[in-house]
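With the hints as extra help, turn the sequences into a complete structure.
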Amino acid sequence: MKFLAPLAVHLLFLILFVGTSPICLGQTQDNTVSLESCQGINFEREGYQVRSSRIDDPFDFLPWVRIRQRRAAAQIASLVNGKPFQYSTARDQAREIIEKENFLPDTSEVRVKLRLELLSVENCSNRSLDLVYRVYSTQIMPVLSSLPETRTTERRFPQEAAGMNRVDVPTQKPFQLTPLAGYDSTRKLAVGARLEMTPRRLWKLPFNSLFLEAQGSSESVKVSAAITGSNDSDGWLAHSEWLVNYSYFSIPTGQGNLKGGDLSAQFTGVSKALASGNLTFRFGGLLEGGNRQNELVNLRLAENTIPNSGFVSLKVYAGLASRLRHNVISASYGLEVGSVRRSEQAGWRKHVGDIRHELWYPIGDHRILDLESRLTIGAIQVPGKIPLPERFFGGNHEELFLPGDSWQIRANPVIRAIPGSGLYRTEAADGGEKFFSYNLTAAYSVWRKPLMPSEIVKDADFNAELQNAIDVVTGNLQNYHVTKDAHYQELLKEQLPAVSTSLDVLKQAVQNAQQARPGQAENQFAECLRAINTASRRTRNAIQATDVGQQYGSVRALLSPSVEVDENRLAKVMTCVNDLNTTLAIDQGISNASARLNTVRENMERLFGMIDQAQAEHEAKAEMAFTRRTLNTLFNEVNLYSVSPVLIFDVARVGSGREGFGSWRYGPGAGLRFEIASTAHFTTGYAWNVKPKPGEGNGTFFFSLGVRDLFR
Amino acid sequence: MVTKKAAAKKSSVIGIKVRFELITKDKTRRVIFGLEKDTEGNVVTWKIDFQLFERDKKGDPWGEAIVILQVEVDKALNTKAEKALKGLTPGQSAHALGPAADDAKAANEGEIDEEEAKETVANTLKQK
Chain A
1 MKFLAPLAVH LLFLILFVGT SPICLGQTQD NTVSLESCQG INFEREGYQV RSSRIDDPFD
61 FLPWVRIRQR RAAAQIASLV NGKPFQYSTA RDQAREIIEK ENFLPDTSEV RVKLRLELLS
121 VENCSNRSLD LVYRVYSTQI MPVLSSLPET RTTERRFPQE AAGMNRVDVP TQKPFQLTPL
181 AGYDSTRKLA VGARLEMTPR RLWKLPFNSL FLEAQGSSES VKVSAAITGS NDSDGWLAHS
241 EWLVNYSYFS IPTGQGNLKG GDLSAQFTGV SKALASGNLT FRFGGLLEGG NRQNELVNLR
301 LAENTIPNSG FVSLKVYAGL ASRLRHNVIS ASYGLEVGSV RRSEQAGWRK HVGDIRHELW
361 YPIGDHRILD LESRLTIGAI QVPGKIPLPE RFFGGNHEEL FLPGDSWQIR ANPVIRAIPG
421 SGLYRTEAAD GGEKFFSYNL TAAYSVWRKP LMPSEIVKDA DFNAELQNAI DVVTGNLQNY
481 HVTKDAHYQE LLKEQLPAVS TSLDVLKQAV QNAQQARPGQ AENQFAECLR AINTASRRTR
541 NAIQATDVGQ QYGSVRALLS PSVEVDENRL AKVMTCVNDL NTTLAIDQGI SNASARLNTV
601 RENMERLFGM IDQAQAEHEA KAEMAFTRRT LNTLFNEVNL YSVSPVLIFD VARVGSGREG
661 FGSWRYGPGA GLRFEIASTA HFTTGYAWNV KPKPGEGNGT FFFSLGVRDL FR
Chain B
1 MVTKKAAAKK SSVIGIKVRF ELITKDKTRR VIFGLEKDTE GNVVTWKIDF QLFERDKKGD
61 PWGEAIVILQ VEVDKALNTK AEKALKGLTP GQSAHALGPA ADDAKAANEG EIDEEEAKET
121 VANTLKQK
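Protein chains in written order, with our numbering: chain A, 1 to 712; chain B, 1 to 128.
These are computed hints drawn from the structure, not numbers from a lab. Possibly wrong hints are sitting among the right ones.
Below are the DSS-like pairs computed for lysine-lysine, each with C-alpha atoms no more than 27 Å apart in a straight line [said to hold, decoys possible]:
hint, chain 1, residue 1, chain 2, residue 2
1, B, Lys27, B, Lys118
2, A, Lys572, A, Lys493
3, A, Lys493, B, Lys27
4, B, Lys58, B, Lys105
5, B, Lys118, A, Lys621
6, B, Lys58, A, Lys204
7, A, Lys272, B, Lys27
8, A, Lys493, B, Lys118
9, A, Lys484, A, Lys272
10, A, Lys100, B, Lys27
11, B, Lys37, B, Lys118
12, B, Lys58, A, Lys484
13, B, Lys57, A, Lys493
14, B, Lys105, B, Lys126
15, B, Lys37, A, Lys484
16, A, Lys204, B, Lys118
17, B, Lys126, A, Lys693
18, A, Lys188, A, Lys222
19, B, Lys47, A, Lys100
20, A, Lys572, B, Lys118
21, B, Lys105, B, Lys47
22, A, Lys272, A, Lys507
23, A, Lys222, A, Lys204
24, A, Lys572, A, Lys259
25, B, Lys57, A, Lys272
26, A, Lys484, B, Lys47
27, B, Lys27, A, Lys572
28, A, Lys572, B, Lys126
29, B, Lys126, A, Lys484
30, B, Lys58, A, Lys507
31, A, Lys259, A, Lys100
32, A, Lys621, B, Lys27
33, B, Lys126, A, Lys188
34, B, Lys118, A, Lys507
Over the 12 Å line for every Cβ pair with chain B, so calculated as not near, a few chain A residues [what the hints assert, rightly or not]:
hint, residue
35, Ile41
36, Arg45
37, Ala94
38, Asn308
39, Val312
40, Glu336
A virtual CB, placed ideally from N, CA and C, is assigned to each residue, including glycine.
Below, the structure is given as structure tokens:
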């Protein structure tokens, strides 16, 4: 029941924020414009002049997009600006220029890809007009968009969520340098950088990225280097990642530092969307070895604890994640079994449970209320010995169970009011064996600029286009699922070769009949041979197809489901040949061959009719559910920049095994969050340490800063 | 101050192009099915921009399109085109990747007339 208290606070924040929303909703904008309509005018015939032209692309803050946009805009301007309006130049030639610039270049990994180009005329007054070319492109990784880590990415770096960073363009540099900074009163001002390199080829190794990260202050050091690889597939394991990582840290507690260095190798897998597209399952394992030291003063060491030691450990972890329209929730569990060096038995078992929930809700146009909450629980069992730094140390410093960014399982109690790793003293000894922490961060964007222009987001046609484009991809996926149906497989295996042979035999019979009757029914013979040839071509393409989707299209074209597209090729052959045979007063060769073909056709129709289309549709929709939700968020809710007041509320407990979870510690606070999509994110504030213990301060200022890629 | 409804009237969309990119599962064939709706005064015209790319294996560059077809949409199909602008159905996608792409390639290789290939491409819109 005690755990309900933080949740009540969560609700209280929600009520407080929603209560303030009418202030923002009541704001209005002065939209004074000329009311001259541009509707229904043939601008060329009416002699309009082009006043100006421009290209709008919401991702023009990306350098490579901006280069293309400027280049295309300059070409179009020289083509149309100050000249009489002509559809051939303003529309057709300008469209070619935009096409040539290719605002969403090739990638080989992403299958959800769409582009929408809109050409509008504006300000049609005094026989002049302005031309606006709007280009919207996006590509989404379907499964990863369900993860809470991706939600943070959407807010801070929408171009990554939209797939605009996964392009193959010469101006897209293979490295990114990101400055980092952070402060709290124990750690002091820590500055550093993260370098990410993504060379086109990393020799012949199964890796595609290198990371180097270093951050240091007068009191702390964190260094890591990693090499990673990943793969996406259409099977049940939709995404997999592997990583080899080295890290070194020296983090302050206020009473001396904890230190460690380790080398690890890990694998992580993400399943395809489960439960009608509402869940993804993650799992993985990690092998690690290194050392742990401490420099704590007045150290109180538990009996089973070694102050400094080498160690090896094995970690396994699993979790579920789900994304709804305005919520992302994930639950992760990690188990670490470790041993100090030269010990053959398991020294300790560490269990960590981490639940993240993020709710975001637009209250007013792109004014997003963000509620991030996190509940983490940990426990250590020590049948042997454990190095001191492996026990639980809490505070403003966050420890992650796994290295890397793609899956962040928190592994210590976080309370932003206690700087560094200063929360570790229990009644029995230093370093906890159990912990509980709950963290709530509430933010509301009071000043923002939407990523997508409001007039577009509110445009019913645009929203319809967006949904429809996703429907196209869903429909395409549905076809793939159809091809897995057992009846379709039987059709391919048993009937397709037979139809090929039957068509060959029938063609020979028709040719024989034609040779036996020179000059008779010439048109009918020609028509039937053409029908047979087309059906044979479809069949041959189906047999030779290297891809199931391409094959499915050709198979379908042979049968009655394609009747509306004027295909239904086998039925056409049958109709034509039967008519011909009637004209010929029955040719036995044609009769026998057509009967044979008809049997095969009927078998194919029967098997095709037994395909569970509804199931295929269901599977495709489930697979695309996360993508649909992510795209809706990206286009309707993400800001280019925003300033948000932030309220925080932390609760943490650290205890030894005997005393349970220890006493409650509370840390309310307030601050400001400033995010510029793609460029920087900055959070600062103050958190109060309610009822500080001896040696602790009354609270601390904190800030964190991430600046996006200095090389761009 | 004017209402947003009034503000919206000051602009008019005279060209829409939706580009559906269909990539086969083995990632060796890519079809771009672009549908253009152009408005000149009160006259609306439709065009299909069909491009076929193939490569030997995933990871190779796509290179230039091996077939490019520009198809004027028959006025009788305008209603279907209006629907297709709102997205290709599964049947239309299957037709675009299969028969339309195959016939476009066959025309390119001289096996069938280009007109026949264009008809097959345009027939994509007829599909349910």
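For a quick check of understanding: which of the numbered hints are violated here, in increasing order?
5, 8, 15, 16, 17, 22, 23, 24, 26, 27, 30, 31, 33, 35, 36, 37
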